[in-house]
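Go by the hints and put chain X onto chain A.
Protein chains: 2
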Amino acid sequence: MSIILTGDRPTGPLHLGHYVGSLQQRVSLQQDHDQFIIIADLQALTDNADNPQKVRANITEVTLDYLAAGIDPDKSTIFIQSLVPELAELTMYYLNLVTVARLQRNPTVKDEIKQKGFGDSLPAGFFVYPVSQAADITAFKADLVPVGDDQIPMIEQTVEIVRRFNRTYRADVLVEPKAMLADVSRLPGTDGSGKMSKSLGNFIALKDSADEVRAKVKGMYTDPNHLRVEDPGKIEGNPVFAYLDAFDPNQAEVAELKEQYQAGGLGDVKIKERLTNVLLAVLDPIRERRERLAQDMGTIEDILQRGTRKAQTVAAQTLVEVRQAMQIDYFKN
Amino acid sequence: MSIILTGDRPTGPLHLGHYVGSLQQRVSLQQDHDQFIIIADLQALTDNADNPQKVRANITEVTLDYLAAGIDPDKSTIFIQSLVPELAELTMYYLNLVTVARLQRNPTVKDEIKQKGFGDSLPAGFFVYPVSQAADITAFKADLVPVGDDQIPMIEQTVEIVRRFNRTYRADVLVEPKAMLADVSRLPGTDGSGKMSKSLGNFIALKDSADEVRAKVKGMYTDPNHLRVEDPGKIEGNPVFAYLDAFDPNQAEVAELKEQYQAGGLGDVKIKERLTNVLLAVLDPIRERRERLAQDMGTIEDILQRGTRKAQTVAAQTLVEVRQAMQIDYFKN
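Read top to bottom, the protein sequences are chains A and X. In case it helps, this note's numbering puts the first sequence at residues 2 to 334. In case it helps, this note's numbering puts the second sequence at residues 2 to 334.
Please note that a few of the clues may not be correct.
Stated by the list, open to error - Within a straight-line C-alpha distance of at most 20 Å, the following computed PhoX-like cross-link-like pairs (lysine-lysine) qualify:
{"hint": "1", "chain 1": "X", "residue 1": "Lys259", "chain 2": "X", "residue 2": "Lys271"}
{"hint": "2", "chain 1": "A", "residue 1": "Lys333", "chain 2": "X", "residue 2": "Lys271"}
{"hint": "3", "chain 1": "X", "residue 1": "Lys333", "chain 2": "A", "residue 2": "Lys311"}
To be verified - Covered stretches of chain A (in silico footprint by chain X; criterion: 3 or more residues with CB under 8 Å from a CB of chain X, positions within the stretch not fixed):
{"hint": "4", "segment": "85-93"}
{"hint": "5", "segment": "269-283"}
Quick caveat, the hints were computed from the structure, so don't treat them as lab data. Positions of the beta carbon are idealized from the N, C-alpha and C atoms, including for glycine.
Same shape as in the complex, but just chain A (with noise of 0.2 Å):
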């Protein structure tokens, strides 16, 4: 049994690539192993911090996303990241084992900061987030964390602060951490460009109804000289085929419907009304689920408290550990 950490900054409502890419993953870690959700707002605000409405707003959002998909309480501890204030102190201890120069060679953050493009604006809590998520990893003992490819560079600035830990501190409290690359390459936009992504409005949220989700499949980008039915077609950087691949129950029919389009005779029209077909036999059901659990927030609330104060309790154990380690354990008498 591995200690699992997982998450996402509540920033906008999960969609079809989380649900790909990590949440089908987490409702089947669960069965077998500890497996902690967090909820990441602390890190949401390091690049949103004029309007931290959006990431409360979302908090919410986002549990009722976990448990549509699947996620059962539990099984899994569903906790807020803001609400642990050991998360912060671990943070401010590991400061001071990572130079401001291996910060500035993380290669994770030098992306997000020319893709955000911060320039001169950028937030110290921002730079500094790697040594915030390591304490978020090693305040539950995390074995194993499940990352796309572009954050492994951060699982390995764990990995180094953990090390330094231990070996400055003759100790072996915490626990380096190992990256479980998701087995599922990134689901692209409705618009064929990069991976579906919030901030580039090309998903379909999991909450999106029915006509949303017609109306998304309806203007999906696909190939641009496919113009008429008989025309041959391509299924490279196709996203409609893309998502076929990744939810369509029958494969073989999947793969005779793409030869057909290659060769010509299969419209666009036709190949996107079975994909509307087969993401709503995905998503009606978690909507379905999703709208039942909004009905009552007090639950909602409760897994959420329930779960933060386990979280508590576990990263409160890990920080009397490293202050211990440290010695700097005051009072303990």
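Using the frame of chain A, we list chain X on its own:
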């Protein structure tokens, strides 16, 4: 009545420089003000992560120095930084309101980085410590912070964070602090070079024995060209006279002695004898109180625990207001 935040990094014993520069002032300020004295162990760790034992040991030493010098724990709140987790939490929020570029421009930190010769090994914790200091100051809504003139940029940084916070969250939760400049110019070291400092080893500690004080005064730098008693000697840059200025209750006699020294006819041995007596008159009662206090470490621990509890109560209330202003006060019902 002001709220004052002041304190020290527990990295070594307090010395005459502290006494003249801050301890005397604190003893006087505690009469009419609400004074919080932070033992900044977290900050000490930013450049002592490899040596937390030193930090730990000096917490008690510094507390003994405080009490021996006249800090009254019923009037001042003495507390340990790392035992107030709210300070780490506030730091996390403030980090998002400060840019990396702004931290790089902080003149105090720039100087210290150069002095300490960090180069590429600058710890991230040291780099961001002005933000942590802003948390220390604002957690208690301190409006007055006694500082040396080299620390003024730190207060400016805090003021910027306060303004940015109050503007961003349309609140007036945080209070802008003012720097209170120490009125005594800084005491030079016994070697005559620069100021008295722990790291330069040119100090006379409050806890030094009478013999140590005698030996240190004997070894003090004076005018290197003042070889024979009858030679004229220099006052400028001569720490013996700087100390007499600071501690000798009979300043009229000091003025006469200065004239005599400059004219020739006053030997270093004689003037140092006077200085020894002057210093022992200050230090003997402090040392005796200190030795008596050190007999009962349970009381010292009680004082620290009591002060820390009080500090935490105040900081927790500020954190509630901060989270409310940021609208991340979840589960308030």
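Identify every previously stated hint that the structure contradicts and give their numbers, smallest first.
Of the numbered hints, 2 and 5 do not hold.
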